[in-house]
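There are 2 protein chains.
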Amino acid sequence: MKNFVEPIERLINEFSKLPGVGTKTAGRFAYSIINRTDTEVREFAKALTDAKTKVRYCNICGNFTDKETCSVCVARDHSIICVVAEPKDVLALEKVRSYNGSYHVLHGVLSPLDGKGADDIRLKELLARLNGGKTQEIVLATPTNVEGEATAMYIAKLIKPLGIKVTRIAQGISLGTELEYADEVTLTRALSDRREI
Amino acid sequence: MKNFVEPIERLINEFSKLPGVGTKTAGRFAYSIINRTDTEVREFAKALTDAKTKVRYCNICGNFTDKETCSVCVARDHSIICVVAEPKDVLALEKVRSYNGSYHVLHGVLSPLDGKGADDIRLKELLARLNGGKTQEIVLATPTNVEGEATAMYIAKLIKPLGIKVTRIAQGISLGTELEYADEVTLTRALSDRREI
Chain A
-8 MKNFVEPIER LINEFSKLPG VGTKTAGRFA YSIINRTDTE VREFAKALTD
42 AKTKVRYCNI CGNFTDKETC SVCVARDHSI ICVVAEPKDV LALEKVRSYN
92 GSYHVLHGVL SPLDGKGADD IRLKELLARL NGGKTQEIVL ATPTNVEGEA
142 TAMYIAKLIK PLGIKVTRIA QGISLGTELE YADEVTLTRA LSDRREI
Chain B
-8 MKNFVEPIER LINEFSKLPG VGTKTAGRFA YSIINRTDTE VREFAKALTD
42 AKTKVRYCNI CGNFTDKETC SVCVARDHSI ICVVAEPKDV LALEKVRSYN
92 GSYHVLHGVL SPLDGKGADD IRLKELLARL NGGKTQEIVL ATPTNVEGEA
142 TAMYIAKLIK PLGIKVTRIA QGISLGTELE YADEVTLTRA LSDRREI
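Residue numbers (the working numbering), protein chains in the order written: chain A, -8 to 188; chain B, -8 to 188.
Warning: the hint list may mix true and false statements.
Heads up, the list lumps identical chains together, so a pair's fine if it works in one copy or across two of them.
[What the hints assert, rightly or not] Pairs of lysine to any residue, SDA-like flavour, derived with a Cα cap of 20 Å: (1) K45 - E34; (2) K156 - H69; (3) K45 - Y22; (4) K79 - R19; (5) K125 - E77; (6) K37 - I25; (7) K58 - Y22; (8) K45 - R1; (9) K79 - T14; (10) K86 - T16.
If you're looking for bench data, these hints aren't it; they were derived computationally from the structure.
Given the sequences, and given the hints that come with them, work out the whole structure.
Written out as structure tokens, the structure is:
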């Protein structure tokens, strides 16, 4: 945009790097910043750098934490471990409050096309956790897409020989979805995994 | 949200203060920040504080600038002044490249219900600009809502007695709008302001 003020232009550029934000939205964000007080803007800037510098991976599960070991790992039962791809998946599962075990965050899935192999996700760390012999079940909650499925299968093959129960989260029709709108794979899965009531 | 890391929580809170951003979007923003490099995050934080500390009002038109006088005021003809409510309006008008005069940013409109009177918008500054006697036309481009109209009428009444031509941007049917969907006020305006072709 022409005739624009350099510091504002730079801020708009930064905002437009956020996921799903175009220049128009970034512009609205930038103008809203200029209308705030100095203190408010400084706090925002500090929150940004703090989130980057103070947050690290939990030394057990790999989830984000600002301590050595995250609060979930400290509080929970480690005999059951739920394996997820990303930290936000832990958040989604924690919100429903129906799981009381611990987690393991892979920080990615196997994706040969993107050059992501077994060494690029936190698989070694998962296997190391199983050495103590206390783990009874691994719940695979990687995404239900092709890469997520392949990653789940790969992990299952690694862990089953250790004599640990390996499960996969159920797939089927979502609540409220009309049968006619469900995709074929989901529908096939919903039928094959049907249960007696 | 429970079990959440304080620095991330704080950043999500900051992002959710942006216009139109809810906690879910703010969460996606925050996670995207943690996945960036230290340098990138520092640059973002610096862009924030710079936009706040380096940007001020142009001493002539009141638009945002990082200099004493903005680039538009330096380059343009001041015999015609377009009066707008907000800096973003200047941007919108500049994008169409069909106006070559200067601007005056009021930073608000008259709004008795919000306690905004003539002293709360940059009206004195506008009148001071007219003292030189070189101004030939004032184009009122305040919003086309009730407050914007009232502000335009108020300014017209102040300036007309000075012998300066006062105009208002045209109102009518937008390009591509079907007549049946145009609101009544716009339609009435489009009829009364019809022109010969």
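Results for each hint:
1. K45 - E34: Classified as both; 15 Å inside a copy, 17 Å across copies.
2. K156 - H69: within (14 Å within a copy, 79 Å between copies)
3. K45 - Y22: between (29 Å within a copy, 14 Å between copies)
4. K79 - R19: between (27 Å within a copy, 9 Å between copies)
5. K125 - E77: neither (24 Å within a copy, 64 Å between copies)
6. K37 - I25: Both, since 16 Å and 14 Å are each at most 20 Å.
7. K58 - Y22: Answer is between; shortest inter-copy Cα gap is 17 Å, intra-copy 36 Å.
8. K45 - R1: between (25 Å within a copy, 12 Å between copies)
9. K79 - T14: Answer is between: at 13 Å across copies they meet the 20 Å cutoff, but 26 Å inside does not.
10. K86 - T16: Between copies only: 16 Å across chains, 29 Å inside a chain, cut-off 20 Å.
Hint 5 from the earlier list is the only one contradicted by this structure; the remaining hints agree with it.
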